[in-house]
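There are 2 protein chains.
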Amino acid sequence: MTKTTMTPAAPPPPPTPPGRIDPADAADMIARMRTGERRAIASVITELERLSTAAPALLQTLQPFLGHALVVGFTGPPGAGKSTLVNAVIETLRQQGRTVGVIAVDPSSPISGGAILGDRIRMTSALDDDGVFVRSLASRGYLGGLSPAAVRIIDALDGAGFDIILLETVGTGQSEIDVAEVADIRIVISAPGFGDDIQAMKSGLLEIADILVVNKGDRPGAEQTMQQLMGALSIRASLTGKVPLLKTSALNGDGVEALVAAIDDIGRRVALDDPKSRRRRRARYLIARAAADLVAQRIRQGGSASLDPLADAVLSGTMTPDSAARQIVER
Amino acid sequence: MTKTTMTPAAPPPPPTPPGRIDPADAADMIARMRTGERRAIASVITELERLSTAAPALLQTLQPFLGHALVVGFTGPPGAGKSTLVNAVIETLRQQGRTVGVIAVDPSSPISGGAILGDRIRMTSALDDDGVFVRSLASRGYLGGLSPAAVRIIDALDGAGFDIILLETVGTGQSEIDVAEVADIRIVISAPGFGDDIQAMKSGLLEIADILVVNKGDRPGAEQTMQQLMGALSIRASLTGKVPLLKTSALNGDGVEALVAAIDDIGRRVALDDPKSRRRRRARYLIARAAADLVAQRIRQGGSASLDPLADAVLSGTMTPDSAARQIVER
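Which chain is which? The protein sequence lines are X and L, in order.
Positions in the first sequence are counted from 1; adding 1 to them yields the working numbering.
Positions in the second sequence are counted from 1; adding 1 to them yields the working numbering.
To be clear, the hints were calculated from the coordinates, so they are not data collected in a lab.
Be aware that a few hints might be false.
Unchecked claim - Pairs of lysine to aspartate or glutamate, DMTMM-like flavour, derived with a Cα cap of 25 Å:
(1) K277(L) <-> D323(X)
(2) K243(L) <-> D266(L)
(3) K277(X) <-> D313(L)
(4) K277(L) <-> D265(L)
(5) K277(X) <-> D164(L)
(6) K243(X) <-> D255(X)
(7) K243(X) <-> D265(X)
(8) K243(X) <-> E258(X)
(9) K277(L) <-> E182(L)
(10) K243(X) <-> E208(X)
(11) K243(X) <-> D275(X)
(12) K243(L) <-> D275(L)
(13) K243(L) <-> D255(L)
(14) K243(L) <-> E182(L)
(15) K277(L) <-> E38(X)
(16) K277(X) <-> D309(L)
(17) K243(L) <-> D274(L)
(18) K277(L) <-> D309(X)
Produce the complete structure using the sequences and hints provided.
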């Protein structure tokens with residue numbers, strides 16, 4: 002008897018190739034995703050990330066399930082320990098029985114692929130935990146900011162039923178700012194010894210923070226950093242008492258539960274908003290950014306001759322860039 | 002004999018109050034600035050920074066003297082040692098007899114005022130050196146990027162006759178990107194142990210770099226960082242062999258002369274460009290950014306009802322943010 006004469010058992014269904022869902026299978030795929038099938042979640046995310054032909058059908062099918070998850074953005078300078086803190090938050094949320102989706106915005110993905118994702122999985126020991134799903138997302142590049150795909154991936158994780166979605170930036174730049182805009186709750190992370198960055202925070206990051214965290218709270222200088230930030234907050238009367246300032250040590254877990262409690266505090270307020278309006282805000286933000294890029298690109302590239310008089314007026318101080326811009330946008 | 006009966010010597014002319022130059026005195030002020038009078042330089046910069054009533058007259062008077070200075074931008078993640086490296090470069094340039102203007106873009110200035118400037122002056126021991134002029138410039142805030150005033154201050158330092166103008170960012174964010182756009186030569190600085198940031202560089206900062214520097218070259222891991230960057234460069238065929246990669250140690254001065262030589266190498270090419278076109282490029286950039294901000298602001302604030310169909314189309318995946326933006330910009 003040779004192998005070829007064996008009556009074969011029915012072969013297992015082929016694994017769904019990433020980026021290859023038939024639009025007609027969208028409903029089935031979403032149903033499988035909602036039962037927690039990880040391969041289905043990964044496939045849906047990939048389709049949405051690439052905006053494949055199946056993406057509209059998938060998003061359509063997802064609509065009734067959206068608006069449940071709370072989207073929490075983590076931002077701050079490199080070296081402040083964002084990843085470690087996010088991992089500690091994941092652990093606390095899991096201990097409380099909540100499911101967590103993580104989107105790590107990784108500006109390097111076009112080249113280094115899954116390297117950072119791999120690190121993350123090792124670090125979180127989340128590999129065997131069905132209650133956590135980690136996705137590393139390519140930004141369109143350091144200068145370009147957050148990929149619009151992030152908003153669709155939020156929808157995928159939301160539709161898959163994760164209670165809370167953590168958005169984390171790796172590195173610096175526009176993508177950090179974007180994450181802050183796209184999230185429902187913004188957490189700005191600092192650490193002892195970030196003199197320059199505390200300075201930077203004073204002027205901008207403070208204003209977008211819903212919660213301020215001094216991480217690496219076990220290190221010398223943490224108290225001083227707390228005081229500096231407290232001082233910075235007190236200068237802004239509008240922020241006084243409104244932005245919780247917390248000290249954490251992701252290493253030994255100190256303060257992480259308090260951070261999760263602060264997130265939940267704000268989360269209860271966010272939950273009162275119309276979920277549709279939160280989702281539309283994200284879409285409006287993406288459109289606004291795309292329009293801004295388009296306008297800037299047209300101005301810098303095209304018709305430089307017609308722009309020269311305005312450029313010269315700006316150079317000679319008779320016109321501000323703002324009024325020159327207004328003239329251009331208005332005509 | 003009482004003090005009041007003394008015939009007073011002619012009192013010294015009152016110091017020019019900052020921000021209070023009479024437009025009629027513009028020519029006189031520029032003349033004093035061009036003799037190297039530091040108070041005049043400071044006053045002109047202040048007028049231009051604030052775009053005072055005297056600013057147009059000052060800029061008009063400056064025009065014949067502009068286009069001499071080379072503008073060199075230093076950017077990179079916090080902690081890479083930008084300030085220390087800039088100080089080492091200043092020293093080398095001074096030893097070569099060249100005069101240096103420095104604009105430190107300091108996102109914190111609205112609050113902390115001269116703190117960083119003070120540090121800089123202590124660090125550079127440039128306080129008594131007429132060949133160096135350091136100005137700390139407020140960015141409009143972390144999120145807003147570089148102040149348009151930077152371009153006018155470049156003109157002031159250029160008009161004052163400084164050979165080279167170093168633009169340095171403190172902290173992270175949009176202002177770094179802007180500095181890179183405004184400079185004639187862009188230097189991107191990294192350091193050992195900046196794993197995430199090397200990743201970030203791969204995807205975006207590499208493309209804007211004219212020179213790549215691994216600072217803190219005396220530290221362990223410097224060679225590995227060099228290799229990583231070399232690898233990143235080699236992936237981009239368009240960059241291979243075109244972007245010098247240098248190792249420096251600002252601490253002991255290693256490599257700083259080579260960096261200055263690399264700057265001069267590129268500087269000779271830049272000098273062939275029409276100075277007017279370089280200045281117009283800066284102005285066009287400012288106008289483009291202002292227009293982009295204006296458009297984004299209008300989209301996010303106004304007429305959200307008319308935007309809702311587009312936002313919903315983006316959310317449902319039937320439209321990309323780019324095409325939604327194109328529809329808006331076109332109508």
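The hints, checked one at a time:
With a CA separation close to 21 Å, the supplied pair K277(L) and D323(X) stays within the 25 Å bound. Simply put, K243(L) and D266(L) have alpha-carbon atoms about 12 Å apart, close enough for the 25 Å limit, and the pair holds. Our distance criterion of 25 Å between C-alpha atoms is met by K277(X) and D313(L), whose separation comes to about 9 Å. The hinted pair formed by K277(L) and D265(L) meets the criterion: a straight-line CA distance of about 20 Å does not exceed 25 Å.
Restraint check: the Cα-Cα separation between K277(X) and D164(L) comes to about 57 Å, which exceeds 25 Å; the hinted pair is violated. A C-alpha spacing of about 22 Å is found between K243(X) and D255(X), which places the hinted pair at or below 25 Å, so the restraint holds. Taking the CA atoms of K243(X) and D265(X), the gap is near 15 Å; set against the 25 Å cutoff, the hint holds. A C-alpha spacing of about 19 Å is found between K243(X) and E258(X), which places the hinted pair at or below 25 Å, so the restraint holds.
At most 25 Å may separate the alpha-carbon atoms for a hinted pair to count; K277(L) and E182(L) meet this at roughly 16 Å. A distance of roughly 11 Å separates the Cα atoms of K243(X) and E208(X); the hinted pair therefore holds under the 25 Å criterion. Proposed proximity of K243(X) and D275(X) is supported: the alpha carbons are some 22 Å apart, at most 25 Å. Taking the CA atoms of K243(L) and D275(L), the gap is near 22 Å; set against the 25 Å cutoff, the hint holds.
For the hint pairing K243(L) with D255(L), the CA-to-CA distance comes to about 22 Å; that is within 25 Å, so the pair holds. For a cut-off of 25 Å, the pair hint linking K243(L) to E182(L) stands: about 19 Å separates their Cα positions. Note on K277(L) and E38(X): the hinted pairing is violated, with a Cα-Cα distance of about 62 Å set against a maximum of 25 Å. For the hint pairing K277(X) with D309(L), the CA-to-CA distance comes to about 10 Å; that is within 25 Å, so the pair holds.
Between K243(L) and D274(L) the alpha-carbon distance is near 19 Å, which keeps this suggested pair within the 25 Å criterion. The suggested pairing of K277(L) with D309(X) holds, with an alpha-carbon distance near 10 Å, which does not exceed 25 Å.
Comparing the model with each earlier hint shows violations of hints 5 and 15; every other hint is respected.
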